[in-house]
Amino acid sequence: MNPFFQRALLSIGLVACLQFANAAPNQAADTIFYGGPILTVNAKNEQAQALAIQNGKIVAVGGKDSVVKNWQGANTKVVDLQGQTLMPGFVEPHIHIVMTAMTEVLWLNLSNFTPQYDTLDTLSQKLKERLKTLPKGQWLGAFGVDPSRTQPFMAELTADVLDKVSTEVPIAVMNQSGHILYVNHKALEVAGINDKTPNPGDGGIYMRDAQGRLTGVVVEPSAILSILKHAPAPSEAELAAAMQKTAKMIASKGVTTSAEITLGLMLGLDNEVKLFNALVHANDFPLRVRAYLYGPLLANGTNSLKPNDGDDKLRYVGVKFVSDGSTQGITAALNESYIYPRGTKFRGNLDYADDQIYKMTKPIFDQGWQIATHANGDRTIEQTLNTYSKLLANSPDPKARRLRIEHFTINTPEQVKRAVKLGVIPGFTIGHVDYWGEAFHDKIVGPERADRIDPSGSFKKEGGRFAYHSDSPVSNVGPLNYISEGAGRLWQKEPRKVLGPNERITVDDAIRAVTINAAYEMFSDDKVGSLEVGKQADLVVLSANPKKTPVDQIRNIQVKETWIDGKKQAW
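Residue numbers (mature numbering (1 follows the signal peptide of the UniProt record, and there is no 0)): -23 to -1, 1 to 548.
There's no promise every hint is true.
Each computed EDC-like pair below joins lysine to aspartate or glutamate, with the alpha-carbon atoms no more than 20 Å apart [what the hints assert, rightly or not]:
1. LYS113 - GLU133
2. LYS163 - GLU145
3. LYS251 - ASP261
4. LYS524 - GLU471
Calculated from the structure, these hints are not laboratory results.
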């Protein structure tokens, strides 16, 4: 192009931008922020000095003098950050809000993410203490036991162990993964399950010993729910209060948009839709929610809800399926055997045959829903990619469907390339690296497979998008933790080591995994995930700039405030 025309076009574009930036607003901004770094997380990853909000949306981002001059009025609230950092509110694309409320608020929470591991004796003692205060007629429910983080390694609760806590009160203790339940004989009796009861299908298993006797270990949702449905349900008021408390906990970690990744799993679809509609639209609910219906509840799709139904506070965007178990629970489906116990040939189980999962997802896909599939093992990831390839075969723009694979834990380089080509968005439970890294590396799958867990670096290299999440209650909510974990990949147990150095990413890329990429994963990137003119004013104020903080210290940055639609949230 002629240099003169190049300069002319550049000048026209520059003038247009300046005119837009300096145009007098229709009215003054409601709020202006300045006085600290503002991380926009836009396409250029720019940093700004000031940001203005009007009617719940961002109307200006740029230099302080320009924003103040054009947008400050007599009634504008001015927020001096005093050196603190402003950035987009974090987006959490995979949380079980109802399950977290029930297990961490209503049940006894036994989750232990410290290096001081529990034993069967300490767990039993905690259960006995809870039993003393348990109302008559209630089950003793607990959550968070993890044999891979128990001493000795893989020490497991059984019906015989739990009978020593009580033979009169039904006891149900959920594994940290959410894929295994431990029950005493009283719970099996109340549920009507005995040694001759067949497995319920859909991957569910009542584990038995060599003599065919029930052990009290119950695997996968269909089997777990067949027992828990006999436990007394919490009242609507109790559950609503627990969910409100859970939402405030999530918001306190800097999250402004959260998924409910299995709507209907715990209480049925109609009940949970009704519950969320009431709670999320209340003035004191501090989160936006993007809901994913639990797929096995929808035999031939759904007519009661349509893709993208809802509003900016609560929107129904996808359907979730679970196709295998937990990697740290040694139930995920792998191509090669686990290395624990030594000499084992076990490589986990698929929850569905290939044709079965395709037939389940096809009507959902045809209705226009986004599909999200839980796939921890490389055998399950392969099945899921094959299913997605068939579903997308006639799609004019496959990447526009943004199909999701949840966890993508044990994987191969070829699977990463296939996923990127199909436009699949993996969501990594990056806490796998932190809390279970040493166990994966040394005891469960060995160094080669463990180093590839949550392959952020590989997806970045191939040009793919990915997001980070907690899978709460599986690991603690905390996007600042995820940034540390994704960029540093240090495992928790001493001596601390880096799990898969080649899978580390930059802090900037880790920030994108908890903001704009996570928003993209839930079809919300046009509204949230970055600070740009026209987007919702969803913000988080941090005590320090994560881009200027040592990687292992980012998780210690304090969340000071969250804002949704330009309004400060109470939590």
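Hint numbers not upheld by this structure, sorted from lowest to highest: Of the numbered hints, 1, 4 do not hold.
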